[in-house]
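Q: What follows is the residue order along each chain.
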Amino acid sequence: MAHRLSHLDTLASEAIHIIREVVAEFERPALLFSGGKDSAVLLHLATKACWPQRVPFPIVHVDTGHNFPEVLEYRDQQVSKLGVRLVVGSVQEDIDSGSIIEQPVPGATRNRLQTFTLLRVLEENRYDAIFGGGRRDEEKARAKERVFSLRDEFGQWDPRAQRPELWNLYNTRHRPGEHFRVFPLSNWAELDIWQYVEEQHLELPSIYFAHRRTVFRHSGMLLAVGPWTQPRDGVANEQAFETTVRYRTVGDMTCTAAVESTASTPAEVIVETAVTRVSERGATRADDRFSDAAMEDRKREGYF
Amino acid sequence: MELLRFATGGSVDDGKSTLIGRLLYDSKQIFQDQLEAVQRTSVARGDDYVNLALLTDGLRAEREQGITIDVAYRYFSTPKRRFIIADTPGHTQHTRNMVTGCSTADLVLLLIDARAGATEQTRRHAMIASLLGIHHLVLCVNKMDLVGYSKERFEEIVDDFTGFAERLQVYDLTCIPISALAGDNVVDRSSEMPWYGGLSLLDYLEGVHIGSDRNLIDLRFPVQLVIRPISNEYHDFRGYAGIIASGVLGVGDEVVALPSGFSSHVVSIDGPDGPLQEAFPPQSVVVRLEDDLDISRGDMLCRPNNRPNVGQDLSAMICWMAEGPLRAGSTFAIKQTTRWARALVRSLQYRLDVNALHRDSRASELELNDIGRVHLRTTAPLFYDEYRDNKATGSFVLVDEQTNATVAAGMLRRPTL
Numbered sequence: 001m002a003h004r005l006s007h008l009d010t011l012a013s014e015a016i017h018i019i020r021e022v023v024a025e026f027e028r029p030a031l032l033f034s035g036g037k038d039s040a041v042l043l044h045l046a047t048k049a050c051w052p053q054r055v056p057f058p059i060v061h062v063d064t065g066h067n068f069p070e071v072l073e074y075r076d077q078q079v080s081k082l083g084v085r086l087v088v089g090s091v092q093e094d095i096d097s098g099s100i101i102e103q104p105v106p107g108a109t110r111n112r113l114q115t116f117t118l119l120r121v122l123e124e125n126r127y128d129a130i131f132g133g134g135r136r137d138e139e140k141a142r143a144k145e146r147v148f149s150l151r152d153e154f155g156q157w158d159p160r161a162q163r164p165e166l167w168n169l170y171n172t173r174h175r176p177g178e179h180f181r182v183f184p185l186s187n188w189a190e191l192d193i194w195q196y197v198e199e200q201h202l203e204l205p206s207i208y209f210a211h212r213r214t215v216f217r218h219s220g221m222l223l224a225v226g227p228w229t230q231p232r233d234g235v236a237n238e239q240a241f242e243t244t245v246r247y248r249t250v251g252d253m254t255c256t257a258a259v260e261s262t263a264s265t266p267a268e269v270i271v272e273t274a275v276t277r278v279s280e281r282g283a284t285r286a287d288d289r290f291s292d293a294a295m296e297d298r299k300r301e302g303y304f
Numbered sequence: 305m306e307l308l309r310f311a312t313g314g315s316v317d318d319g320k321s322t323l324i325g326r327l328l329y330d331s332k333q334i335f336q337d338q339l340e341a342v343q344r345t346s347v348a349r350g351d352d353y354v355n356l357a358l359l360t361d362g363l364r365a366e367r368e369q370g371i372t373i374d375v376a377y378r379y380f381s382t383p384k385r386r387f388i389i390a391d392t393p394g395h396t397q398h399t400r401n402m403v404t405g406c407s408t409a410d411l412v413l414l415l416i417d418a419r420a421g422a423t424e425q426t427r428r429h430a431m432i433a434s435l436l437g438i439h440h441l442v443l444c445v446n447k448m449d450l451v452g453y454s455k456e457r458f459e460e461i462v463d464d465f466t467g468f469a470e471r472l473q474v475y476d477l478t479c480i481p482i483s484a485l486a487g488d489n490v491v492d493r494s495s496e497m498p499w500y501g502g503l504s505l506l507d508y509l510e511g512v513h514i515g516s517d518r519n520l521i522d523l524r525f526p527v528q529l530v531i532r533p534i535s536n537e538y539h540d541f542r543g544y545a546g547i548i549a550s551g552v553l554g555v556g557d558e559v560v561a562l563p564s565g566f567s568s569h570v571v572s573i574d575g576p577d578g579p580l581q582e583a584f585p586p587q588s589v590v591v592r593l594e595d596d597l598d599i600s601r602g603d604m605l606c607r608p609n610n611r612p613n614v615g616q617d618l619s620a621m622i623c624w625m626a627e628g629p630l631r632a633g634s635t636f637a638i639k640q641t642t643r644w645a646r647a648l649v650r651s652l653q654y655r656l657d658v659n660a661l662h663r664d665s666r667a668s669e670l671e672l673n674d675i676g677r678v679h680l681r682t683t684a685p686l687f688y689d690e691y692r693d694n695k696a697t698g699s700f701v702l703v704d705e706q707t708n709a710t711v712a713a714g715m716l717r718r719p720t721l
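Protein chains in written order, with our numbering: chain G, 1 to 304; chain Z, 305 to 721.
Excised from the complex, chain Z in its bound form:
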């Protein structure tokens, strides 16, 4: 059974938590005691109907304020697939959570209130999904029951959104009219909307092809840990542990180690359950080489004729996640693959106005939740690819060296210096 990870986005009150509650409930993943707890709380609060949103709002402040504060991860499975949902809040001030949710997602599900149509927040979330390299976007036009299940209204919203999405890198856009509250087109096709000829949301999620979203071409193996047992049994053992970031690695393959540039051949690959002939992402493996090379954590194995960029001057899109502003001249710790270094923000090229998709090159700082293009200079060379080609080697985080807080998520671009 395959794993599908998706993130949800949309504005406050578009009904995300209700939709997730509905998916879990209708696919029989909600346990009786969890439902009863929600029913009790709903009654105590005087709600008109059982508030399925209470199933996902985990913190006390969220239940009290009726909002979702933080990314919540939910799990369900059907006979066809195992799902992980990153349920992200719709509040503008928590947009960093959308970036977080998208960073591990295969697909993004965006909710729109059929009465309101796409809002600034919907467009912002679609933009973030595109920026984070999500190939599949599902637009769920929710609350169709409140617009009389109107085909015209649905098409109007879809037209409007498609016009916006054309300017993004979205490869696969699917639009589904639903009512999360009433259950229309969530698990089963709705009898209220005979004009809709597509799949129910769950049918779509069970079938969407995600196998091609991985990079199986460019071998990149960032060394996570060097394993050298102090034991007689494994006296000469020297293994390099890590996750295959991209590409396929086979026993006998010639590899080059960066930064040294020395090459060797793969003698063995051991996966969690024993020896493998080849390994691919996202497998955790231990690789042994024919020759004793000087390789340590943060180094990278690749092929002699297919190497990543190696450099200290980097260009990247970043999402700024700290309360205080980002200005050129600041220095941070940077983590990319299994490497830590320090990074100086040399310049801010522009701030992205996500509503107009306009580049504001006069901006002198990025505020919380702003997205912008920066040039960085790192203290040590990084081995990287463009994020759009390789998420695993094209992503990084910036960490404040005083507070240790994670302050930015970054996606590397081709250098333009």
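Looking at chain G on its own, in the form it has when it is part of the complex:
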């Protein structure tokens, strides 16, 4: 028998090792769960890492108030199925309490605002390690981030002062008030995620698969017509139309765009992903299009 692991088994074993390292070396870990496919894979791997125990740490959801209803439904299903504790940080509550101020534009994205809520939830619960589903293939600044990424007491990332990360010997030492963001899926690419979803028969929110939706074109992206995003009157080419779409990423409804697709199963999505010519974030995330350094800047402030 050849002692060889497939690339997916290798990546899964690596992720499980990282999760177990956190369980062993931290006091108050938590898992950031967006309901997206990466966090679904991450939560699934956490159940494997802790097996046959239940996942002993809570999952944290930062609710922008602009979520896809399908994603919230999926989140609640997973929570009750796995018996994990859910902690919700509400951006709306932070706006209502005056802690953060929303841009006075209807449908303004709350993507950047959620950093405040995230940091508040981390501090209130004194989490010392929080798992994220970030992948290095997503974006250029992410490509340089460590698996165990240290944040100072303000939640900030300093890309120039990162610790070297050698072999699988993770340095988890930190001062009180500092915490780690831990990325077990660092070495996964979008295609690996989909292959794993298919191999493991993972459930995902329904919006990942082809469905009919009323959308409009805005800056070259397909946005859903919904409570926060509508075509602007009188703007050429912004008429609403119905078509068959799916989402490649799941985020704030105001800045997450759909792609036209008829892929209705993970296998069909894999075929599409293998031939697509546009990156996941480029296709669907208005928030990364502001500048070359948009992600770097948000990460420095404490964003995931």
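A short list of chain Z residues far from chain G (calculated; beta carbon distances all over 12 Å): (1) Ala-486; (2) Leu-562; (3) Arg-666; (4) Arg-681.
Pairs of lysine to any residue, SDA-like flavour, derived with a Cα cap of 25 Å: (5) Z/Lys-384 / G/Val-271; (6) G/Lys-81 / Z/His-539; (7) G/Lys-81 / Z/Pro-579; (8) G/Lys-81 / Z/Ile-534; (9) G/Lys-81 / Z/Gly-575; (10) G/Lys-81 / Z/Arg-532; (11) Z/Lys-384 / G/Glu-199; (12) Z/Lys-384 / G/Leu-5; (13) Z/Lys-384 / Z/Leu-477; (14) G/Lys-81 / Z/Phe-541; (15) G/Lys-81 / G/Arg-54; (16) G/Lys-81 / Z/Tyr-538; (17) Z/Lys-384 / G/Leu-8; (18) G/Lys-81 / Z/Pro-533; (19) Z/Lys-384 / G/Glu-272; (20) Z/Lys-384 / G/Ala-274; (21) Z/Lys-384 / Z/Gly-515; (22) Z/Lys-384 / Z/Thr-478; (23) Z/Lys-384 / G/Ser-6; (24) Z/Lys-384 / G/Gln-200; (25) Z/Lys-384 / G/His-3; (26) G/Lys-81 / Z/Glu-537; (27) G/Lys-81 / G/Gly-65; (28) G/Lys-81 / Z/Asp-574; (29) Z/Lys-384 / G/Ala-2; (30) Z/Lys-384 / G/Ile-270; (31) G/Lys-81 / Z/Asp-577; (32) Z/Lys-384 / G/Leu-191; (33) Z/Lys-384 / G/Thr-273; (34) G/Lys-81 / Z/Asn-536; (35) G/Lys-81 / Z/Gly-578; (36) Z/Lys-384 / G/Asp-9; (37) Z/Lys-384 / G/Arg-4; (38) Z/Lys-384 / Z/Ser-494; (39) G/Lys-81 / G/Pro-56.
Calculated from the structure, these hints are not laboratory results. Backbone N, C-alpha and C define an ideal beta-carbon position, used for all residues, glycine too.
Dock chain Z against the given chain G, drawing on the hints supplied.
A: Chain Z only, in chain G's frame:
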């Protein structure tokens, strides 16, 4: 599909980022929007051609200065293999990144500018690759278009480098003449160099045999986590979770637990997807034993007749990664497998002059990016093998107890005390 991890090395301006951009672009892993973003930036900067290096330079300071600061990880796959690239910077002051990139690599790809030949930095990176136990070294002689695709120039560089590499532990050296900018011999064989009879770089990377690089002989299972569920369903469950560092572990095998020395038999092995009859590296598993032994994180399972070294007096090569110098007498936290302890640097044996491969035994300190041989005394015994036999049990990091910074990467040697 198998995973191949490789690191890139070479001097500044040898064209590493361009080569990686080329590999990603020609293997159709660069997305249209990423390419367009690079094209826009290239035009804005007034570059003569699309600067593929911009695809990998992720931080703003890097794009502004046109340099690569930090290790960047890139991903691509072909129908034959899935690749992870650790793209490491060529600046001397960032050599610690080469060590970092090599620590998880199966193979190192070194770039040389065909006009300049091997530089101090090329030799340093080759030395680091050898020190980190990399078995496969690929020398890409780049910018062949700028030396008229000259066979003589290529052979001259290869001769020179081979002479140097003979003094290193390199088991498999492959030299390929390329032009990353023009795409010669990167994905497809170049029509400009009919005198070259070897494989294109991508063909080589897709085919190189790495299966034998792992240690499947010496069973080492460092216990990462003891799993004891508080539930009725798994009332008496006691499992030891971790990664198989080396060797093959089978159900029914007799194992010895260190440090206690008690032995037992393996009752079951559970992998991520369920029960296994045997497990091998780098699988994450949960192992259950017949007897209830006192085993905790940091302990190690091995075979009764094949045990690691157990000791507190250690000899190691280290790469020093901190701004301030290392001197004998300093104390650090040390992490090796799943164990933490404290380590005193008892003495500095020598500093390695990586250019002359000369041992400077008069050195009294190691500076940032220096490599040297040290003797350590740890507060608790470590279970270890020589790094060259077993990377997983022969490697460690030193951590500054005041700043918590990772200050050294270490590779254990046989004790010579």
